[in-house]
Amino acid sequence: MNSATREAFGKALAELGATNPDIVSLDADLSCTTKSATFAKAYPDRFFNMGIAEQDLMATAAGLAACNKIPFASTFSVFATCRALDQIRNSICYPHLNVKVVGTHAGPSCGEDGGSHQAIEDIAIMRSLPGMTVVVPADDVEAEKVVHAAAAYYGPMYLRFARLASPTVHDEDYEFDLFHGEVMRDGTDVAIIACGMMVPRALDAAEQLAAEGISARVVNMHTIKPIDADLVEACARECGKIVTIEEATIVGGLGSAVCEVVAERCPVPVKRIGMPDIFGKSGPGAELLDEFGLSAENIIETVKSF
Amino acid sequence: MRSDMQDIAKQMRIDIVEMLAAAGSGHPGGSLSATDILAVLYFDKMNIDPADPTDPDRDRLVLAKGHAAPALYAALAQKGFFPREDLITLRKSSSYLQGHPNMQTTPGVEMSTGSLGQGLSVANGMALAGRLDNRDYYVYCIMGDGEIQEGQVWEAAMSAGHYGLDHVIAFVDHNHLQIDGDNSDVMTVNPIEDKFRAFGWNVMTIDGHDFDAISDAVDAAKASTGKPTLIVAETIKGKGVSFMENQVGWHGVAPTTEQAKEAVAELMAQ
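So the sequences go chain by chain: W and D.
If you read the first sequence in our numbering, its first letter stands for residue 3, the second for the next number, and so on.
If you read the second sequence in our numbering, its first letter stands for residue 2, the second for the next number, and so on.
What the hints contain is simulated information worked out from the structure, not anything from laboratory work.
Being a predicted model, the structure only gives us computed values, none of them experimental.
You can take every hint at face value.
Not the full set, but computed from the structure, chain W residues with beta-carbon under 8 Å of chain D:
| # | residue |
| --- | --- |
| 1 | Q57 |
| 2 | A63 |
| 3 | N92 |
| 4 | S93 |
| 5 | P97 |
To spell it out: a stretch of chain D is covered by chain W in this simulated footprint if at least three of its residues, at any positions, have a beta carbon under 8 Å from a beta carbon of chain W; those stretches are:
| # | segment |
| --- | --- |
| 6 | 106-115 |
| 7 | 124-135 |
| 8 | 156-170 |
Pair ranges (Cβ atoms, derived):
| # | chain 1 | residue 1 | chain 2 | residue 2 | range |
| --- | --- | --- | --- | --- | --- |
| 9 | D | A221 | W | D175 | 51 to 61 Å |
| 10 | D | S96 | W | K306 | 52 to 62 Å |
| 11 | W | E177 | D | D56 | 34 to 44 Å |
We put the beta carbon where it would ideally sit given N, CA and C, even for glycine.
Okay, chain W solo, but in the shape it has when bound (with noise of 0.2 Å):
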């Protein structure tokens, strides 16, 4: 409990390792701290450390995919999606293999290493390839749900994992549905529809919105491709508004699907909250999400701006 997304998927792709011989885990010199180590420990022989070498590593899952395995090929964010792009468009989308691209250290929340290290762009980038799964876990237990899920569903997939530690929301028996976002508030004033760390803040905001007598629908929009354009369009219709937060840039990610979605089907004002067009910097994550309004507070003082 409130522990990382990636201590989460670690221990969840050994659980797998146990069930299925197939799967297969694959890094690029950071397995101690992507935790695929636990992986690696357990199944030695089904392991293979790529070296610091991204391009091939998202390369060789795909022979691997070709034949049948379930690789699991995981770095940082940024490196996953910004230095392999090439190799996962054109070695695992396009033939539509069946990699999971792993990112662990997303967003401005991995800290002290810095901007160049913290993925922003990475759910805009994954989201425009053709045939991608883009799924951001709120927390520990959904994130454990995740990687079972997407061991079982064939495709490509990005897993996108954070490094600090955040808030458990979800019981232990939830049941995760990769293809429909949940409803974790009920609310008619206004949606805030997040996903990943934000998740837990946008419940904040929501309970503290109350106690002034706004009515907040929360929903985890954890997958955020094929995005469960349902739900966007019953937050549209029932609330009028939609508030949207995530640990990325504003541009191409989770606020933007969002805005497709209500364009074509439901015009309402839609404010998007999320890194403006900047890279992030170094200092203690968690002050940092706070730092670029990636906050509770921020939340609550979007939903009274409409």
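Assemble chain D onto chain W, guided by the hints.
Same frame as chain W, now just chain D:
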């Protein structure tokens, strides 16, 4: 070596010229230079059966230099993966024969390629899967000599050496030319052999148009254990069509109908 290899390769070259002329675009030079390698692999060496294309024990081939797709399609059609008459649909909007190989659409294509430098990594992954499954199949990878300027090739060379992937048999189709000119003018690739040896590979250099030499090199690669094998195939870009041979301009330009007729007549006479 089967006695009709010359005829097989000749038919492939005729098919390449004709499909490119029909397409009106594409890459004849590097298709013709790789033809004899593909002919020997598909018709003498590889364990593949068009009637059982998903046999888990089959050998795999990754055409890393995906622009030589016409040569691959010519081999696959003659092998029986799809009808030869479909070859002239190459690059047409209704065709399953894409400009670069697409495993989603084309029977017998084991990997989609086109963006250079990725194929060797994919071949390594296929070999790792075979090792995990205790299967004895070989994975062939055909790279271009210009292609090895891509940094990823050297990441993959390092991996194959590190993991001792002795079921990876890679070729460099060393025709010495790339789009902008001679390799040596664009970006020096030599000495290819020393570089791969330094990465832990078993390396051979052969005449890439000598069927027996290609066959013997593959046999030697299979006999070698603990290391991946690179076969540097010295080839002639545009091989078999005299007006294309060693002409950089024929890298990525299709012959006209008239030029194709002339080329086919020359090939028929060989």
